[in-house]
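Protein chains in written order, with this note's numbering: chain A, 29 to 262; chain B, 327 to 632.
There may be inaccurate statements among the hints.
As the list claims (entries may be wrong) - Estimated spans, in silico, between C-beta atoms of each pair:
no., chain 1, residue 1, chain 2, residue 2, range
1, A, E101, B, V398, 29 to 35 Å
2, A, G168, B, P370, 41 to 47 Å
3, B, N328, A, K116, 37 to 43 Å
4, B, N591, A, E41, 47 to 53 Å
5, A, K116, B, S617, 33 to 39 Å
What the hints assert, rightly or not - Below are the DSSO-like pairs computed for lysine-lysine, each with C-alpha atoms no more than 27 Å apart in a straight line:
no., chain 1, residue 1, chain 2, residue 2
6, B, K509, A, K121
7, B, K546, A, K121
8, A, K116, B, K450
9, B, K501, A, K121
10, A, K121, B, K343
11, A, K116, B, K509
12, A, K124, B, K501
13, A, K124, B, K382
14, A, K135, B, K450
15, B, K337, A, K124
16, A, K95, B, K546
17, B, K501, B, K382
18, B, K431, A, K121
19, A, K136, B, K337
20, B, K382, A, K121
21, A, K136, B, K507
22, B, K450, A, K124
23, A, K124, B, K509
Rather than coming from a laboratory, the hints here were simulated on the basis of the structure. As the structure is a computational prediction, the values presented were derived from the model and not from experiment. All C-beta atoms in this analysis are idealised placements derived from N, C-alpha and C, irrespective of residue type, glycine included.
Listed below, chain by chain, are the residues.
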Amino acid sequence: MLKITNLNYSVLEKDSKKDILKDINIEFNSGKTYCITGPNGSGKSTLVKIIIGILRQTDGNIVFDGKDISNLEIDQRANLGISFAFQKPVTFKGLKVRDLLDIASGKKNDFSSVCSYLSEVGLCAKDYINRYIDDNLSGGELKRIEIAMALARKCKLNIFDEPEAGIDLWSFDNLTELFSNLKDCCNIIVSHQRKILEMADCIVLLKDGVIEKVGTLSELEPYLQKPTCARLAR
Amino acid sequence: MNDIEKRLLEKLTGLHKMPSGAFNIRKNGTPLARESEKDIEIIPKKKKSGIDIIIKDGVQNKSVHIPVIITVGGLDDLVYNDFYIGENCNVLIVAGCGIHNNTCKTSMHNGIHSFKVGKNSFVKYVEKHVGEGNGSGGKVLNPVTRVTLSEGASMEIETLQLEGVTSTVRKTFAKLYDNAKLKINENILTTLDQTARTDFKVDLLGKNSSVEVVSHSVAKDNSYQIFKSNLVGKNECFGHVECDGIITDNARIVSIPMIDAIDSNASLVHEAAIGKIAGDELVKLMTLGLSKEEAENKIIEGFLIG
Ligand SMILES: Nc1ncnc2c1ncn2[C@@H]1O[C@H](COP(=O)(O)OP(=O)(O)OP(=O)(O)O)[C@@H](O)[C@H]1O
Ligand SMILES: [Mg+2]
Numbered sequence: 029m030l031k032i033t034n035l036n037y038s039v040l041e042k043d044s045k046k047d048i049l050k051d052i053n054i055e056f057n058s059g060k061t062y063c064i065t066g067p068n069g070s071g072k073s074t075l076v077k078i079i080i081g082i083l084r085q086t087d088g089n090i091v092f093d094g095k096d097i098s099n100l101e102i103d104q105r106a107n108l109g110i111s112f113a114f115q116k117p118v119t120f121k122g123l124k125v126r127d128l129l130d131i132a133s134g135k136k137n138d139f140s141s142v143c144s145y146l147s148e149v150g151l152c153a154k155d156y157i158n159r160y161i162d163d164n165l166s167g168g169e170l171k172r173i174e175i176a177m178a179l180a181r182k183c184k185l186n187i188f189d190e191p192e193a194g195i196d197l198w199s200f201d202n203l204t205e206l207f208s209n210l211k212d213c214c215n216i217i218v219s220h221q222r223k224i225l226e227m228a229d230c231i232v233l234l235k236d237g238v239i240e241k242v243g244t245l246s247e248l249e250p251y252l253q254k255p256t257c258a259r260l261a262r
Numbered sequence: 327m328n329d330i331e332k333r334l335l336e337k338l339t340g341l342h343k344m345p346s347g348a349f350n351i352r353k354n355g356t357p358l359a360r361e362s363e364k365d366i367e368i369i370p371k372k373k374k375s376g377i378d379i380i381i382k383d384g385v386q387n388k389s390v391h392i393p394v395i396i397t398v399g400g401l402d403d404l405v406y407n408d409f410y411i412g413e414n415c416n417v418l419i420v421a422g423c424g425i426h427n428n429t430c431k432t433s434m435h436n437g438i439h440s441f442k443v444g445k446n447s448f449v450k451y452v453e454k455h456v457g458e459g460n461g462s463g464g465k466v467l468n469p470v471t472r473v474t475l476s477e478g479a480s481m482e483i484e485t486l487q488l489e490g491v492t493s494t495v496r497k498t499f500a501k502l503y504d505n506a507k508l509k510i511n512e513n514i515l516t517t518l519d520q521t522a523r524t525d526f527k528v529d530l531l532g533k534n535s536s537v538e539v540v541s542h543s544v545a546k547d548n549s550y551q552i553f554k555s556n557l558v559g560k561n562e563c564f565g566h567v568e569c570d571g572i573i574t575d576n577a578r579i580v581s582i583p584m585i586d587a588i589d590s591n592a593s594l595v596h597e598a599a600i601g602k603i604a605g606d607e608l609v610k611l612m613t614l615g616l617s618k619e620e621a622e623n624k625i626i627e628g629f630l631i632g
């Protein structure tokens, strides 16, 4: 469903070239959940931002559902069926939770459908439907709304960048359950959390911009034990 | 009333019919309809054009609508509306002017409003400005608002000008006595070669008086806006001005702050931020499937109307 071939990404830093992703080749299939993991700064967010078109690869290509999307705009990719939940949710001046859910689902929602989107992420619609998406919402609330928006799009490919960050321990199980209930689509979750690694069908380990290993948790276990990834294994 | 007039009136008041309660409708420089009620009296001025609106003490949850519509070109309308609001009231006042000009001659409306608000009263004042019609003649609106808030009185002013007004100079003067509170939300959109100038002067005279001004403005194309505010703190008081502007194309917004804490216990702040639409907001909406243009419009709509 999503195939990435010979993908590189580099930036100019002072006068020298800095390679952030190096020769990435990978395929993601429908009906599976993938977890991209790896140390801070290894290039996970960069990779998913390239998939959805926020960043443009230096070279290489991306094929989604048989279509080369390497040079499409963000909205064109989104409308082909790719959703994305940001690691750092964006805040707005003047847009409400309801507005964003309407945009995400592509329709005007009544209270009960807003309720169903928000209850999936453990929020009560009546408390949030008319709240502005700004800094008056807590970090965890913003994060949950971010996930609700991505889910409201009902896409074939869902990408979440560290969705569990800032979500409290009590709700964490609900979140993993939510992800494991996302069937018939392809899910890519960037995460450092053991629970998410455990529920993934396949784990992609990224280190220094290179895919070090792809496989199941048991296959990856020895790699996660290495010192740089020690905290993942805990 | 014809369809154009009805539509203008609806844009100003949000109502499809005649307002209930007290009202005064002015059309093309002359009074069209007027209605007083028991505790709210509307009296036409004798020596100049305009009305006195007298609201008795203790009037609760009542409204007064005084919209102005202009549907001809070449009109220069000047009107004085003076509000006298008693003590312990709670009222909504809806004003505003809509100009539909299909001619090549400029029409303008100069509405001079004054509000004397009695002790412990609360007034919400909503003022909308609309310009439309496809003639080359200008649509010019120059409102002046003078506010005096007695001890413990509070007022919320909400002004909205969306597109179509060729030029505007808006002046607001306020005097606040002990414990008085003033809140102003101003929202302005200019396009093409339009200009908008806003001038606020607020004298914080009383102890614990406070003012909060939030201006959200969007300037597109070649339009030009100047936002000037002047807070003077003559007592232990609090003042906050926030001028937030979005510019696109070749438009400009200039913010001129002036704050003068004459009393050393006055706390006054002016914040201004002017720039293009935030890139991350655009990107987020595009990941939800909106085109760049749709995303820009959504962001601007939210920013102005909320
Ligand atoms: N424009 C840039 N200029 C210089 N370095 C950059 C730029 N963009 C990204 N980087 C670097 O690329 C690396 C990868 O960043 P990225 O955000 O993808 O990491 P990550 O794997 O998502 O990390 P984390 O786990 O902390 O979220 C980092 O070292 C970052 O500093
Ligand atoms: Mg990251």
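For a C-alpha distance cap of 27 Å, please report whether K337(B) and K124(A) respect it.
Cα-Cα ~23 Å, so holds.
Return holds or violated for the Cβ distance of N328(B) and K116(A) against the range 37 to 43 Å.
violated (53 Å)
Taking only the CA atoms, is the gap from K382(B) to K121(A) under or equal to 27 Å?
violated (39 Å)
Given the hint that K116(A) pairs with K509(B), test it: the Cα-Cα distance must not exceed 27 Å.
The given pair, whose Cα atoms are some 33 Å apart, is violated under the 27 Å limit.
Holds or violated: K136(A) with K337(B), Cα cutoff 27 Å?
With Cα atoms ~23 Å apart, K136(A) and K337(B) stay inside 27 Å; holds.
Tell me if the beta carbons of E101(A) and V398(B) are separated by a distance inside 29 to 35 Å.
violated (47 Å)
Distance restraint evaluation - G168(A), P370(B), Cβ atoms, bounds 41 to 47 Å:
violated (59 Å)
Hey, K116(A) versus K450(B), does the alpha-carbon distance stay inside 27 Å?
violated (38 Å)
Return holds or violated for the Cβ distance of K116(A) and S617(B) against the range 33 to 39 Å.
With Cβ atoms ~24 Å apart, the hint is violated.
Going straight from one Cα to the other, do K509(B) and K121(A) come out at no more than 27 Å?
Holds: K509(B) and K121(A) sit about 19 Å apart, inside 27 Å.
Given the hinted pair K501(B) and K121(A), is their alpha-carbon gap at most 27 Å?
violated (30 Å)
Would you mind confirming whether the straight-line C-alpha gap from K136(A) to K507(B) stays at or under 27 Å?
violated (38 Å)
Hints 1, 2, 3, 5, 8, 9, 10, 11, 12, 13, 14, 16, 18, 20 and 21 from the list above are not met by this structure, while the remaining hints are.
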